[in-house]
Structures are given as C-alpha cells and as structure tokens.
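Visitor: Given next are the chains, with one letter for each unit.
2 protein chains.
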Amino acid sequence: MNDPTLRSAIRERIRLAFDPDVLESLMRELTEILPEHMRGVQASQHNVLNWTDPVLNTERARASLQSNGQPVDREGLRSAFAHLIRRMLRNGQNLHDPRYLGHQVPASIPIAALFDAVGSVTNQVMAIYEMGPWATAVERAMVQELGQCIGWTDGAFDGFVTHGGSLANLTALLTARNVALENVWEHGMSGCRQPPVMVIHAEAHYAISRAAAVLGIGRRHMIKAALDDRRRMDPQQLDATLTALKQAEHPIVAVAANACATPIGAFDPLESIADVCQKHQVWLHVDAAHGGAALLSARHRHLVAGIDRADSLVWDAHKMLFMPALCAFVFYRSRAHRFEAFRQDAPYLFDPAAPGLAEYDSGMKTVECTKRAATFGLWGCWSLFGRQLFSDLVDLTFDLTGLLFHKLEQASDFQPLHEPECNILAFRHLPPQLRQASAEQIGRFQLEVRRRVIQSGEFYIVQTQADGHGALRVTIINPLTTEQQLDQLMATLRHHGRELLAESPDLI
Amino acid sequence: MNDPTLRSAIRERIRLAFDPDVLESLMRELTEILPEHMRGVQASQHNVLNWTDPVLNTERARASLQSNGQPVDREGLRSAFAHLIRRMLRNGQNLHDPRYLGHQVPASIPIAALFDAVGSVTNQVMAIYEMGPWATAVERAMVQELGQCIGWTDGAFDGFVTHGGSLANLTALLTARNVALENVWEHGMSGCRQPPVMVIHAEAHYAISRAAAVLGIGRRHMIKAALDDRRRMDPQQLDATLTALKQAEHPIVAVAANACATPIGAFDPLESIADVCQKHQVWLHVDAAHGGAALLSARHRHLVAGIDRADSLVWDAHKMLFMPALCAFVFYRSRAHRFEAFRQDAPYLFDPAAPGLAEYDSGMKTVECTKRAATFGLWGCWSLFGRQLFSDLVDLTFDLTGLLFHKLEQASDFQPLHEPECNILAFRHLPPQLRQASAEQIGRFQLEVRRRVIQSGEFYIVQTQADGHGALRVTIINPLTTEQQLDQLMATLRHHGRELLAESPDLI
Numbered sequence: 004m005n006d007p008t009l010r011s012a013i014r015e016r017i018r019l020a021f022d023p024d025v026l027e028s029l030m031r032e033l034t035e036i037l038p039e040h041m042r043g044v045q046a047s048q049h050n051v052l053n054w055t056d057p058v059l060n061t062e063r064a065r066a067s068l069q070s071n072g073q074p075v076d077r078e079g080l081r082s083a084f085a086h087l088i089r090r091m092l093r094n095g096q097n098l099h100d101p102r103y104l105g106h107q108v109p110a111s112i113p114i115a116a117l118f119d120a121v122g123s124v125t126n127q128v129m130a131i132y133e134m135g136p137w138a139t140a141v142e143r144a145m146v147q148e149l150g151q152c153i154g155w156t157d158g159a160f161d162g163f164v165t166h167g168g169s170l171a172n173l174t175a176l177l178t179a180r181n182v183a184l185e186n187v188w189e190h191g192m193s194g195c196r197q198p199p200v201m202v203i204h205a206e207a208h209y210a211i212s213r214a215a216a217v218l219g220i221g222r223r224h225m226i227k228a229a230l231d232d233r234r235r236m237d238p239q240q241l242d243a244t245l246t247a248l249k250q251a252e253h254p255i256v257a258v259a260a261n262a263c264a265t266p267i268g269a270f271d272p273l274e275s276i277a278d279v280c281q282k283h284q285v286w287l288h289v290d291a292a293h294g295g296a297a298l299l300s301a302r303h304r305h306l307v308a309g310i311d312r313a314d315s316l317v318w319d320a321h322k323m324l325f326m327p328a329l330c331a332f333v334f335y336r337s338r339a340h341r342f343e344a345f346r347q348d349a350p351y352l353f354d355p356a357a358p359g360l361a362e363y364d365s366g367m368k369t370v371e372c373t374k375r376a377a378t379f380g381l382w383g384c385w386s387l388f389g390r391q392l393f394s395d396l397v398d399l400t401f402d403l404t405g406l407l408f409h410k411l412e413q414a415s416d417f418q419p420l421h422e423p424e425c426n427i428l429a430f431r432h433l434p435p436q437l438r439q440a441s442a443e444q445i446g447r448f449q450l451e452v453r454r455r456v457i458q459s460g461e462f463y464i465v466q467t468q469a470d471g472h473g474a475l476r477v478t479i480i481n482p483l484t485t486e487q488q489l490d491q492l493m494a495t496l497r498h499h500g501r502e503l504l505a506e507s508p509d510l511i
Numbered sequence: 004m005n006d007p008t009l010r011s012a013i014r015e016r017i018r019l020a021f022d023p024d025v026l027e028s029l030m031r032e033l034t035e036i037l038p039e040h041m042r043g044v045q046a047s048q049h050n051v052l053n054w055t056d057p058v059l060n061t062e063r064a065r066a067s068l069q070s071n072g073q074p075v076d077r078e079g080l081r082s083a084f085a086h087l088i089r090r091m092l093r094n095g096q097n098l099h100d101p102r103y104l105g106h107q108v109p110a111s112i113p114i115a116a117l118f119d120a121v122g123s124v125t126n127q128v129m130a131i132y133e134m135g136p137w138a139t140a141v142e143r144a145m146v147q148e149l150g151q152c153i154g155w156t157d158g159a160f161d162g163f164v165t166h167g168g169s170l171a172n173l174t175a176l177l178t179a180r181n182v183a184l185e186n187v188w189e190h191g192m193s194g195c196r197q198p199p200v201m202v203i204h205a206e207a208h209y210a211i212s213r214a215a216a217v218l219g220i221g222r223r224h225m226i227k228a229a230l231d232d233r234r235r236m237d238p239q240q241l242d243a244t245l246t247a248l249k250q251a252e253h254p255i256v257a258v259a260a261n262a263c264a265t266p267i268g269a270f271d272p273l274e275s276i277a278d279v280c281q282k283h284q285v286w287l288h289v290d291a292a293h294g295g296a297a298l299l300s301a302r303h304r305h306l307v308a309g310i311d312r313a314d315s316l317v318w319d320a321h322k323m324l325f326m327p328a329l330c331a332f333v334f335y336r337s338r339a340h341r342f343e344a345f346r347q348d349a350p351y352l353f354d355p356a357a358p359g360l361a362e363y364d365s366g367m368k369t370v371e372c373t374k375r376a377a378t379f380g381l382w383g384c385w386s387l388f389g390r391q392l393f394s395d396l397v398d399l400t401f402d403l404t405g406l407l408f409h410k411l412e413q414a415s416d417f418q419p420l421h422e423p424e425c426n427i428l429a430f431r432h433l434p435p436q437l438r439q440a441s442a443e444q445i446g447r448f449q450l451e452v453r454r455r456v457i458q459s460g461e462f463y464i465v466q467t468q469a470d471g472h473g474a475l476r477v478t479i480i481n482p483l484t485t486e487q488q489l490d491q492l493m494a495t496l497r498h499h500g501r502e503l504l505a506e507s508p509d510l511i
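Protein chains in written order, with the working numbering: chain X, 4 to 511; chain V, 4 to 511.
Keep in mind the hints are simulated off the structure, nothing from the lab. There could be a bad hint or two in this list.
Copies of the same chain are indistinguishable here, so a pair counts whether it falls within one copy or spans any two.
Unchecked claim - Once the Cα atoms are required to be at most 25 Å apart in a straight line, the calculated DMTMM-like pairs of lysine to aspartate or glutamate come out as:
#: 1; residue 1: Lys410; residue 2: Asp6
#: 2; residue 1: Lys249; residue 2: Asp231
#: 3; residue 1: Lys227; residue 2: Glu189
#: 4; residue 1: Lys249; residue 2: Glu148
#: 5; residue 1: Lys410; residue 2: Glu35
#: 6; residue 1: Lys410; residue 2: Glu502
#: 7; residue 1: Lys410; residue 2: Glu185
#: 8; residue 1: Lys249; residue 2: Glu15
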C-alpha cells in the first residue's frame, strides 16, 4: 500500500468516468436520443414488447461486457454510450405505447424520472438523516401529504417509503407480528405454544402469503377469509372466522384486506372489516398498493371508505400515482408503531451525540439500511402539477376501463368476467368456434392467444385465472390509451384467435 | 363511468406531464444544471453536507407540495422545474466532494446514473421476463460475469439483484433457513421443538441479526462467534461453538461470516471457516457487500480467498463497484437453491403457456415482485470501461487508506485503531489536553468533534465505537480524494477539537 505512482496511473485511467465534461456530453447525447424514442413509442411506431428469447438476449447483453472497452477519448466514449443506450431502448418493453395495457406497472410520468436521475447522479441516499437530509425531508413531506389524504392528522401517524409493495407488505406485517406476539423479536417463533395465524383475502397478492412464510408463521397458518360473489372479503364470515380462531386459542397476527385485490380489482368493504377487527381487537392491515390512489379522486374515493381505520397500510406510488419503480409507502395509523418492525440499534449509525435525530433515521423503520432516495419523482411532479394531476390519472384510467367493459359486453365474441371497480378488467375472447369447447379448452385458448399477441408486439396484456381456467386481463394504466386502442385490441385478439384456430385446430 | 367529455378535459390537463417535447426541454435544462453542479462539488466549492434541521427541512419540502402548481405553459414548467432541481442540489449531501469520506456509500460513477435514467424514464421493470426482457438479460449477464470473478462455472451457480445489502442478506438467509429446516415454509417456526440458531460474526452488520429476528429465529438465538485479536471470526472457536450447538441438538441455520465487517473492515478467514462449515455440514453465508469487490483486484483478491466455497453470498455494486444506490447481488453457489427462498407460484404472473420462462422470472427469486431495473448502470459502465475500472477503484481507495493510516501513525495527536485491510479506517484524535482524560471522555470528544465537523460542511466522516467508546471512522470511497484532503482532514479535526475544548472545557 501507499504507492504514489500507482495512484497517479489509476487517476489517469479513471478520469473519463468521473469527468463532469463527459457527464455533460453524455447528457446531451441522451437528450438527442430519449425524447425522440418517447415520441415514437407514444405514436406506436415500435413494438410494444420487443420479444427475444431470454437465452439469446442474455448472451447479447454479456457480449458487450467482454469487449473490454477502455475508450481512449471523449468522442469514442460518446459514440459507445449512444450505441448502448439505443440497444437498451430497442430491446425493452414500451410502456408508453398506448397499446400497453399490462400489469399494474404504469406508463409513468416521464419527467418524474428526471428528479430521480438527480438523486442517482449525485447518489443521494437515506439510512441516517445526515446522509440524505433533503431526501429525508422530501420523503417525510410526502408521507405527511398522503397521510392527510388518508384522513389522518399530522403527528398522529407515521410512514416511510420502501422498495416495492412486497417489501412494504412484509415490513407492515412484521410490525403486526411483533405487536401481536410480544416476545417474538427476542425469542423467535419457536417459543409459541399454539401456532399464530394470519387471516388474508383468499385472492391476496402472493406477497402476503409469502410474508407469512418469511416471518416464520408458515403458509398453512394463513387462513383464507371467505369472499362474497364479487370476490371481496365477507365481513360476517370474517367475524365467524376470528371467533373460531380465538376459541381455538390461536394468536391472530393480523387480518390482511385488499384495496384492491389483484385478479379483478375487487375492493374489500373496509368499514365493515374494520368493525370486525375492532370487535376482536385484531390488527387490520390493508394492501392498498394499487387502490390507495382512489383516495385522491372525488369520484372514486368511496371505494376505500374506512381505510383510515387500518392499523397499517401499503400504497405504491409506482402503481396508480404513475411513478417509475420503485416507490412504495407504508403507513401506520398510530405513530407509536413506527419502530416496532425492528427493535435494535446500530451504534456506528445512530449518533449518541444527537439522539433526537433517530426519529429521522430511515434505517430505524425500513428493511433497507442504505436506501435509495425514492421519492424525488413524486415530490417533483406533485410540486409541479399539484394533486389534480393524480386525481385526473385515476379518473381517466378508471373511466376508460368502464368503456372497455361496455364494448366487451356489446360484442358477441367477448365476455367480461366482472364489472370493473377500477382500471383492472378480466375477460375472455370467445370466437364462435369455441361455443362447444370445454372450460379447460377455452382457458387454454386465452393463454395461447395472449402469447401470440404479446410476442407480435402489437399489444401488451396479461393473463389471469377465473374459475380455475385461463382468462385475459388488462390494467388500463396508460393515460395515453384511447378508445381507438380499445377497438384495436379487440380486433387484434380476433385476428390472432383466428390464426391460432387455423393453425392448431386440435386446440378445441 | 364512460364519459367522453371528462376524458377530453383530463387529457388536456395531463398533456404537459407526458409530452415528449416537455421531456426534451427539461432534459436540456437538467444538462445545464447538473454537470455544472458536479464541477463545483468536485472542486469543493460547496459544503460537503448541507446541514439543516430536519423539522425545518421537512416543512420546506412540504411547502412546495402545497403550491398547487398547474403550470400553464412549457416555459413556466421549465423554470419551475429548474427551481426544484436547484433546491435538491443545494440541500443534499455532496458525495463527489473529495472531502466526503463517509459511510460505505460511494462517490458513484456519475454516468452510471444515465443508464439507470433510461430505465426510469421508460419505466423498465422486472418480475416476469416479458415485462423486462432487456433488464432481465442485463442482470443475468452481470450475474454470470461476477460469478465468474468469484471463481464459479457458468451454469453451476445462480444469482440475482435486489434492493440493498440488507434485503440481500435477508433473502439469502431465508434460503438457508428453508434449506436447513425442511418444513418451515409450510409449517412455520412454531413447529420447531428445539430453537434453531444462527452463528454470526460478533460485529456483523445489524442487517444480519435483524434478519434472524425477521425470519422468526429470534435475536437470542443468534450465537456470536468469537473473534481474534484483529476482530475476525476465529475458525477454531467456531468449530467448538458448532460442536456444542450440535450436541445440544439445536438446528443450525447458517454461519454468517463477513468480507468485511463494518466497524474496522476486518475480513474473516474464509478458507478456514469454510473447512469448519463443511465438517459440520452447515450452510456458509458470506456478507461480502463491501469486500466482494476485492475479487476484481489482483493486489487484494487474497482478502477473500475461499469466498467461492460460500453457499450464499451478498455483494453490493452500490458500494465498492461505485454504482448509485441500490444494486445488491445475491449469489448461490449451487443453482439448485435458486428457488428455495420462496416456494410458491402466482398464477396471474407465471404463464403455463410458456413454462420454461419461469427460469427468467425474477419474482420467483426476489422479495420484490415488480422490481426496478437496477443493473443498467453497472452493465453500461462495465461495457464502456471494462473490468479494469473497477479493479482500479479498489486499488486506489485501498491504497489511499494505507496512506492515511501512515499519516495518523506519524502524528502525535492521532491514533489509528488498527492497520486497515481495505478502505475503512477507525481512529481517534487525541489532542494534548486529552492525555489525562478517561476513555469515556475521549470517546465523547470524538463524537462531539465529528458533529461539529460534519455540520460545518468541511468534511464528512462517520463515527463508530471501539472498546465501548466513541471513535472516528472514514471510508475512502471517493476516488477523487487525494493526499491533500487527508492532510486537510487532520487539520480540520485539530481546528474543531481546539474550538470544542475552548468552548466546553467541562468535556474533560
């Protein structure tokens, strides 16, 4: 160690990578490429999904790693950079194409990413306040703002941001576990005489049942709450379930309700569920990753009535607040629970010389120690456009989904599987040839048609199951989608359906 | 629902937020601001840390949310955007200032963030292959490349990226738990007769002991392995510990070693530890979040000899690969373990019409369902500069830390607390007035001096504990730091030390 010659040779080699002039030159290059790409995508000039076999794709991605570049000058670097960026854009999923009607991942507000990029270029992080004072301030400001939208009073509640809805649910349910089972943090679950249980929506996102297994509760101790005919948790049956569990002396960690559940976007009746939980003194957790945004819409707020009574809730900004991934909020109704998930200290992080700051140290509340500043995009867009933009996005996408439902209902060869409550809609395409087919055959047809459609790049939609068989599903989560694309989607499904039946008549 | 008038009014209102011309205009604005800021930071023209009281900072961040902006035209939007960006930059932590010598968070390679920004503007995500084909390919290519650096053969191992070292450790230890306790996923931990235990480095990052408590093992079932005089895990004593635990019939979930431990950067002797684990047939997990990068340096690779024998390991690209947060790799030596962390399916995600693709569905392996494309920056920089850049960054920062050690050793009023193995160094400032002070007083002095220094904005360093008392600690994780800043750091500590002793003589 301690070698000045080595140091100066290295400094010469790494110069380009840290040079602000190079940064500027590459930002100019990016400004030439990216908006132009976005124009083409919004005008449907490319495929929605650029399908390539994963093995081939991985080989290609790896090949560039082995070029052992070492560009000698700025001009060489600039052209190599442009080449790599164009490859990324040519091979991705184009969520801003109005024909993208896919998973609960939005055509995000593009300029949100510019705020995030400032955080990323300068590497703003959180963990302790002093490492990210402004990142912390921005996150806390958003927590306060959204908490007020929930209907809570400043100072009474608390919350934070984490990387994704699954991690958010895991953290909130960890808190519920630690509160319900007093010594579990210290003693572990092996000390429990009677297995603790968690009661969940029967169609909850897999993150919820996973969380129970991660936390040591075990999948078989996830009790599925009965659903009504609209696939919502039934409060009366929940009451009976909780009564029975208490009689059997099972500690109940939490009831996990949904706003909304993933398959068809069903919103649980939260007021009544909150009544039942209150009666039994059980922690109410609400996974509002998708539907929390209804709080911002005067038209749709009724869907989440009662959400303010949840002990914990999850709300993803990277879903219906149209932020790029990942920015998931966890809220606790009572501020007293904010440090319950983790019950430790980290002496090299938390500073005895300024103990009051621990309140602002995100690492005390989140799984992440070093945490990427994930709220700049939301803060920036909210500051620029106000709450109205987010309300508009909810209203528009929910409304469009109603329009699609109407169109499917009118068509003899389509069958919507439910009336949409939000912007999620499951349906099936039923061409005349399928009239005599079995439910299994019809289900298989949906999946095969979908795969053809998405690999063609013409539309991106997803699949689901209904009554145990395959179905189609869209989330209208792109405000650029218009009535025209909805008509075109039906035509495209018909086209690929015909081709499929012609090529594989044995399918039915 | 279904209201064409509403839809067109909303489309008019949201137009600016999704307009590619606006994106272009704001990218141009950002190109004016950000590289210029980076120049100033690299030239130490600003404070390192911009210190403001957290309550005040949060109030300020919230005030802009309530302006209810609604900019009417592009020009208004552009100036409002510039205003917000400048506020972000004015209030953050300047990691690229050569006087930033802080936590294990690097002065990241700025252009890495441009690759990430492409992912963020276009919202590339993973979960299932079809949602992020190129993001998946890039991540898998990096997993293969880094796996080869570990010394493994393509096809034999597996890995993935997740959001942060803590989550990475949690996921790897979850796998270890599920493998060690066969029915735990289904039955939960409450079915274990004898409490399972985990054996950890006594100074492991808090993420490790947290993980045990999260997973239902319980903090008191974390057995701290004995350390040698250089604060490394002692293999002989580990052997004795494992023997005793087996005799007491405790199931052993894993041994968790470090490369390196956080407080002083001590690297555990992995070869000998692997021998002991092999003898007892216990899962070896290595937290190489920081030190994994030594694999890339011919000079320092010896520090992690034996790491290829780990069953699981964690390696953060957002530490010593100088990536912006967050990009943490988890590796399993045996590919057979890649689906052990989570043992479920999600029917609406994983497509029976293309079952072979599940191998490429990241959601099968990670806590995240929707996962931000987190590897573009690393892939881009590795493609542009090759492995050499990363090797250089390790060599340079390790070397500089040796230089600082030498300087501290030479000075009568500084005391390094260990010889550095990497780029982490703990020390104390001991001005003559402290010669008669107690260990407790000396410790308090370090913390008070540090707080003055960081709040002054002159340097950013962190604190730690040694022998139960406060100490100073630097991580030289900025390749722009030179010998000049190391001298200046010592002068700054002396200056603030003198001031502190003058103002608070009762401190000693």
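Visitor: Any of the earlier hints contradicted here, and which numbers?
Guide: Per hint list: 4, 5, 7 and 8 violated.
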